[in-house]
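K.L.:
Chain order of the listed sequences is A and B.
The letter at position 57 of the first sequence is residue 57 when you use the numbering used here, and the numbering goes up by one with no holes.
The letter at position 152 of the second sequence is residue 152 when you use the numbering used here, and the numbering goes up by one with no holes.
Since the hints were derived computationally from the structure, they do not count as laboratory data.
Selected chain A positions facing chain B (in silico; Cβ < 7 Å):
1. T83
2. T189
3. Y247
4. I252
Pairs of lysine-lysine residues, derived as BS3-like cross-links and limited to a Cα-Cα distance of at most 30 Å, are as follows:
5. B:K178 with B:K227
6. B:K179 with A:K90
7. B:K178 with A:K143
8. A:K143 with A:K244
9. B:K158 with A:K218
10. A:K244 with B:K227
11. A:K85 with B:K179
12. A:K85 with B:K178
13. A:K218 with A:K244
14. A:K164 with B:K158
15. B:K179 with A:K143
16. A:K244 with B:K178
Positions of the beta carbon are idealized from the N, C-alpha and C atoms, including for glycine.
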Amino acid sequence: MKLSLTCLFASFVMAHVALSASITLTSDPADPRPLQNVAQQLENQCGWRITYEEGPISNEEDLQNNVPGFLKKSDPVSLSIATRKYLPFKFTFNELASPYDRAAEIKTIDALLQDYKESDNLPYFAVRHSGNDYSHIVQVLTKDENGNIIPFQPVLDTPITFPKETRQLDTVVKLILRQVAQERNVGITEGTLPTMLFRQVQVEIGANNESARSVLIKALDAAQLQRSADTRVMWQMNYDVLSKYYYFNAHIIAGSFKRWPATEAVPPAVQTPVPHPANAWFRQK
Amino acid sequence: MTASDWSIDPASGAFSLTAQSPTAPEPGCTVAQTVVTTGTVVSPVCNAGPVSYITSHYADGSQAGPDAVNLASPVNIPPGESSTALGTWDTADGNTTQAEFQGNLFNAAQGEQFRGRVVNETSPFGGTDGCHSPGDPVAELTQITGGRWWVQNNNSYKTDYIGLSPSSAAYYQYYRAKKGLALPCIITVPQQMQINTSGTSSFLPYGSTNQGNTNSLQLTIDGTSVKSSRAGQSSSKAFRFQQ
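Given these sequences and hints, build the entire structure.
P.N.:
Written out as C-alpha cells, the structure reads:
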C-alpha cells in the first residue's frame, strides 16, 4: 500500500488542534522527470488524481546524458542515452484540513507548478483542473531548434470522433490514442497499464469532435462507476527523447480515499484544440 | 435438540431440516417432538436465505408455525488455490506478450465449491520493478492491475493476463542493452486473492503463500524472450525487439 496517513492525520490535527505543519516532497535525484516524481508522491500521500502529459524536447540544449558511467553535463550529449535536462526539485506545502476540500487540493497543485517553474528545471508545464477530481499537468511549451520557446499543444487536446458503442475499455483507450497519433502524426504506444481492469470493463462511449483527454475521462469515469468509487485511474503520457514515441501509462490510484460520489456528472475539461504545426520530430506509428 | 448433516438442493437452493427432541418432555412442560425448518438459500455467497420457516410439531399432533426466520451460516472461504499456466498468449492487438493463467480454488473442508462467487486481486504491498530505470518512459510496474473474476462451475476462474505490453517489453530489450544495463530483468508483483462475502463490495483474502495469499507474479524480459509466472507456474515465448 503506497498511501500514507499523512493527509488523514493532518486533517485530524488540523480539526482538533488547529495547527498546520508543512510537508516537503523531494524528487528522486536520479529521476529526470522531477515534476512527475513529486506529483506522484502527492498522489501517494493524498490520493489525488494528477495526470501528467509531456511534449517533445526539440532542442539539444534541453537534453543531458543520464547513464551511470557517463559524465553528466560536461560530456557532449549522446542522443542514444539522453534524457531531459533536469535538477532535483523540492516542494513544500501545508497539511490540509479535513474533510476533503477540492479547492485546497487545486491550490496546492497550483503551488506545486508555481514552485516548479521557479526552479531551474525546464519551465514548460502548466496545470489544468477538470471534472470533480482531475488535475492535469501538461507540457504547453517547447524550445525549437533555434532556441526559441514556442507554444506546444498537448497531444491529448486533439479532437477526436468515433461512434458511440459498447467496447472493452482497453479497446476504447487504444482507439483514442490511435486517433490522436493519426491526427497529430506522432508515435504513441502503450507503456504500463492496468491490464485486467482495461480488459474486463466494458464502457459505452462515443466522441464527437471532443478532446482526447475529455473522452479518456469519460471512459475512465464509466469504468469507475461499474467497479467501485475506489477504482480511480490516472495516466502519464511520457515522451521518450530516445525513440521519440509517447508512452501512455496508467494505473489505479492506491487506497480508498473516496473524495466524490461516483455518480456525479463529470464536465469535460475546457479546452480549445488548435491545429498542430508540422514537426520533423513526429512520425506516424 | 440436535441435528447434524442436512443438504441443500443444488438446483433450487431449497432445504429441509428436521430436529428430534432427544428426551421425553418433562412433566408440566410442552416441548415440541420435532422442529422442521425449511427454506431456500439464494444468497450470492450461498450462506444465507432471506426468509426461512420453522414449524414445531408437538406430541399431541398439533403444530406451531410456520414462523419466518432469517438463517445464516459463516461464509465459506476457500483454503487456497492453485495456478495453471494455460500455455497460451493473448492474441489481441497490443497484448501479445501477456500470458494466460487460470486460478483453481480448493474446495472447502466440507467439500463446498465456490461457483458463482467473485474473486478479486489486490496489492497487499508494493512489488519491485527490476526493469525500470530512472528516465524510462515506461512507468514502473509494482501493483496488480485490477482483475476480478466469476468462479466457474469447476471451481476455477480465468483469464488472468500477466505480462508487459509488447512495446514496453521491446523498450526494455533495446534500451537496457543500449544503456549497459543487465538483461534479463525481472518485475515481481505481489497478488493477494480475495473472495466476496457479500455482493461485490465485501471481500476476504484466502489461502497461503502462492496459493492465493499471496501469489508472486513475475515478468522476466530477456534479450530474445519474455516469461510470465504466477505462483511458480510459468509460460515463456520468443520475443525480440524489431527496429
